[in-house]
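All chains should be modelled from the sequences, with the hints used to inform the complete structure.
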Amino acid sequence: MKLTKPQQLIYDIEKTIGGPVAVMCGIMTVDKLCPEEDVVAAIKKLYETNETLNYRLDVSAPEPQMYYKSPEDREVKVIRVESLSELDAIGKAEAAKPFDMNGWLSDLTAIIHPNGYGMVIKVHHLLGDAWS
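FYI, the numbering for the sequence shown is 1 to 132, going by the working numbering.
Please keep in mind that the hints were generated in silico from the structure rather than gathered at the bench.
Do not take every clue at face value.
[As the list claims (entries may be wrong)] Result set (SDA-like, lysine to any residue): computed pairs, CA atoms no more than 20 Å apart in a straight line:
(1) 97 to 125
(2) 32 to 82
(3) 32 to 92
(4) 2 to 82
(5) 97 to 28
(6) 92 to 3
[What the hints assert, rightly or not] Simulated restraints on C-beta separations:
(7) 38 to 1: 32 to 38 Å
(8) 67 to 18: 21 to 27 Å
(9) 86 to 46: 21 to 27 Å
(10) 13 to 84: 19 to 25 Å
(11) 35 to 63: 43 to 49 Å
(12) 69 to 97: 16 to 22 Å
(13) 59 to 96: 17 to 23 Å
(14) 18 to 45: 22 to 28 Å
(15) 114 to 69: 33 to 39 Å
(16) 18 to 63: 17 to 23 Å
Note that this is a predicted model, so its numbers are computed, not measured.
Beta carbons are placed, not taken as given, at the ideal position from N, Cα and C, and that holds for glycine.
Below, the structure written as structure tokens:
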């Protein structure tokens, strides 16, 4: 699908400055122990039930296009931390990483900590605004 005018403006700005201007990133945690495989399965379920999380950008055409790709190809990265105080640095690092402009426009990462679990939720502005 073609980008909307606001999406095209965001894309053009990022292309011009060579980096991200529109990344939304947050971390949520739960103080309840849960097996790692269950956390990964829950994140995969989020991908399966939320179509918007499975859009990619294709910039090889004359005009950039977003397209849906089945979530079965999604891999879930797992980060283990020793304390919740490490999460601020992880969130800042994830938010600073630009999205591959020929790749997924969202990323959910599992977090395992001594008292529970959580996830890093990172979404490109092209997906997470009222214009998309």
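Tested hints:
no.	hint	result
1	97 to 125	holds (14 Å)
2	32 to 82	holds (15 Å)
3	32 to 92	violated (24 Å)
4	2 to 82	violated (44 Å)
5	97 to 28	holds (19 Å)
6	92 to 3	violated (28 Å)
7	38 to 1: 32 to 38 Å	holds (34 Å)
8	67 to 18: 21 to 27 Å	holds (24 Å)
9	86 to 46: 21 to 27 Å	holds (23 Å)
10	13 to 84: 19 to 25 Å	violated (34 Å)
11	35 to 63: 43 to 49 Å	holds (45 Å)
12	69 to 97: 16 to 22 Å	holds (20 Å)
13	59 to 96: 17 to 23 Å	holds (21 Å)
14	18 to 45: 22 to 28 Å	violated (35 Å)
15	114 to 69: 33 to 39 Å	holds (35 Å)
16	18 to 63: 17 to 23 Å	holds (20 Å)
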